[in-house]
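Position chain B against the provided structure of chain A, taking the given hints into account.
Line order of the protein sequences matches chains A and B. Position 225 of the first sequence, counting from 1, maps to 225 under full-length UniProt numbering, and the rest follow consecutively. Position 270 of the second sequence, counting from 1, maps to 270 under full-length UniProt numbering, and the rest follow consecutively.
Just so you know, the hints here were simulated from the structure itself, not pulled from any lab data. These numbers were taken from a predicted model, which means no experiment stands behind them. Keep in mind that the hints are not guaranteed to be accurate.
[Claimed, not checked] Selected chain A positions facing chain B (Cβ under 7 Å, derived; list incomplete):
{"hint": "1", "residue": "I50"}
{"hint": "2", "residue": "L238"}
{"hint": "3", "residue": "T242"}
{"hint": "4", "residue": "L244"}
{"hint": "5", "residue": "G257"}
{"hint": "6", "residue": "I261"}
{"hint": "7", "residue": "G353"}
{"hint": "8", "residue": "L412"}
[To be verified] Pulled a few chain A residues facing chain B out of the computed Cβ check, cut under 7 Å:
{"hint": "9", "residue": "P239"}
{"hint": "10", "residue": "V246"}
{"hint": "11", "residue": "V253"}
{"hint": "12", "residue": "G259"}
{"hint": "13", "residue": "V260"}
{"hint": "14", "residue": "S324"}
Glycine included, every Cβ here is placed at the ideal spot set by N, Cα and C.
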Amino acid sequence: MSDVASQLTTADGRPLKAALATAQARAKRRAFFLVLPLLAFIVITFAVPIGQMLQRSVYNDGFSQTVPALTQWFEANPKGTVPDEAAYAALASDLNLMKETRMAGDAGTRINYVVSGMRSLFTKSARKAADLEPPYMAALLDIDEDWQDPRVWNAMRTASSPWTLDFYTIAFDRERDADGKLVKVDENQRIYFKLYIKTFVVAAVITAICLLLAFPVAHLLATLPMAKANLLMILVLLPFWTSLLVRTTSWIVLLQGQGVINSILVALGIIGDDGRIQMIYNQTGTIIAMVHILLPFMVLPLYSVMRVIPPSYTRAARSLGATSWTTFRRIYLPQTIPGIGAGVLLVFILAVGYYITPALVGGADGQLFSNMVQFHMTKANWSMAAALATMLLVGVLVLYWLYDRLIGIDKLKLG
Amino acid sequence: MALPTYASPLERAWHATYLVICVLVFVFLISPILVIVPLSFNAEPYFTYTEKMLSFDAEGYSMRWYDSLLTSGMQASEAVRDGAWWSDLWHNADWVKAAKNSVIIGFWATILSTILGTLAALGLSRPEMPWRRTIMAILISPMIVPIIIVATGMFFFYSNPCAIFGFGCGRLTSTYTGVVLAHAALGIPFVIITVTATLSGFDQSLIRAAASLGANPRRTFFKVVMPLILPGVISGGLFAFVTSFDEVVAVLFIAGPDQQTIPREMWSGIREQISPAILAVATILVVISIALLTVVEILRRRSERLRGVAAH
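Pulled out of the complex, with its shape left as it was, chain A reads as follows (with noise of 0.2 Å):
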């Protein structure tokens, strides 16, 4: 057989295999080239600026450019070391230096991550700087006894390298300890990875609302006639193709303490004036308002998954005897598995990363993850910021991967 094919030749002579070949790989090059331009584009607008502000998360050099004779203290000397006077002189001379470029604020922030209240200790010593005299372990004592503090020069130690992975230690809710351990914050301190969590479980209750209310939305459209469908589609469609600061400011409107739901409920008289239901600015009010931007991202995915199952299969059950409900469970319910599947995890991916509905609707409680990354952004907490991101991105980017294994990308529609 191979024989054969290898001697068949074109009208020009070449071995048929070798022209097919190139033909082949020239087609796959046209392909590509017309992809080409977009993905650069892409990575160069939206992937290299994501990666690179990643980078922030291991890399703070807010320390470790202002101390150039602490670094070689600690470099001269192993970890564990007690500081000796030839530290303290190291320490004063960087501090005397970060006077000079007025960098004591930085630095005194970089080792207020790990140490909480230290930056006021950078600060008011690097004021003091010039004045110091030796011998200079007693005259920093003086100016402070935190200078003592094993955690201050653990920290020093580690922020003395640009590189660092204290900013995930921060984002896991954990510290280290004065031997260098890594332990959990108090209870009260735990901030970051548990609000982590409570995104996760607000998006897992948001995505079961949603295919609560979907699912009946989407097997009406799909049974029903196609004229009468598309015209019911339109109530699911327009919900999605207005703005969502507009519809935000519809669910401010509808539930605020002045607001239309409350002032319905004092006319019938359900509740007294002084008793106006507090909807808004709130975890209910993020979730209320999320749930209605999400839902056709939901009811779509069902709807086109529901309307190509055939009817015959429901009705052959229920004439070999099946209950209405067997008949649902059994038959109907394992065929609408991928649409569940495409519309839960759609949904989910979007609402884990949502940020304008809780910074508008969610008041104090109601915040997500990505408000936080936020909050840190504006504190001007670049590193602090990236960590978080990061995390975000990493969770996201895991239900992505799962989305793309269980559904397949290209399968995703719109409208």
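Only chain B this time, still in chain A's reference frame:
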């Protein structure tokens, strides 16, 4: 869905409940959008229906919020409404400026993402395309990655785009180019999804037919492929435009005071002091989205008819 004649009373009751649930969900979906429309004509600065509004008293309604919307930011809003007043409005009114910015940014972002996206979709739907799945996953990712991560990343990158090469070359933050590039990246997944969906029903033998009849690839593309996928391309473009038109987080991070868009103005309006003027904007945006939805639906049906999908 009709109920079979053999349905038991329990099933009938359940069916009725099911219909009620569906109606309630539809109400939940649509009422927030409709409820703000009359409120934007409220004569009082309240977010609820006044008694005069409910009794359809003309005094309960007014255009004052639309008026304040137009005139805010003008130098002489109280002046006589002559040519100078309109020129003042066109150049100085906050929301007019925002609308102009939104349209300019949306337009260029749409052009960029539609051209690049359509080309890529053509490549992606060829059977010979190598690494299709991976590339597709990368191209769709702007839709999946949380917007706050995208925006912060772009904020740093656009502050100094050449930083990766180790030197400075100006900045893209606070420029139209920066915002347009960001919005184009965010709109691309929608173009890719819509155009590849259109191309999935495309009969590849038409291309071979055109070639066998002597058309060169360019002529084939413009005379055969383009007319058939045009509805898909336009709806993809509309999706990209809406994405840009509704985007606020990237604008918050990248844009300067000269690039404030409608969503950006709404954002500060909602955060600071929410006044019914916001509802007037919202109403205008709802009207725009109804128009866009109508266009997209017409295009979708046309595309299905062209491809013979909905022949039955």
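Now the hints, each set against the structure:
1. I50: holds (4 Å)
2. L238: Hint on A/L238: holds, closest Cβ of chain B at ~6 Å, below 7 Å.
3. T242: holds (5 Å)
4. L244: holds (6 Å)
5. G257: Check failed: Cβ of A/G257 comes no nearer than 10 Å to chain B, outside 7 Å.
6. I261: Constraint on A/I261 not satisfied, violated at 9 Å.
7. G353: holds (3 Å)
8. L412: holds (6 Å)
9. P239: Since the shortest Cβ distance to chain B is 5 Å, the answer is holds.
10. V246: OK, holds: A/V246 within 7 Å of chain B, min 4 Å.
11. V253: holds (5 Å)
12. G259: Holds - the Cβ of A/G259 comes within 7 Å of chain B, reaching about 5 Å at its closest.
13. V260: With a minimum Cβ separation of about 5 Å from chain B (threshold 7 Å), the hint on A/V260 holds.
14. S324: holds (5 Å)
Consistency with the previously given hints fails for numbers 5, 6, ordered from lowest to highest.
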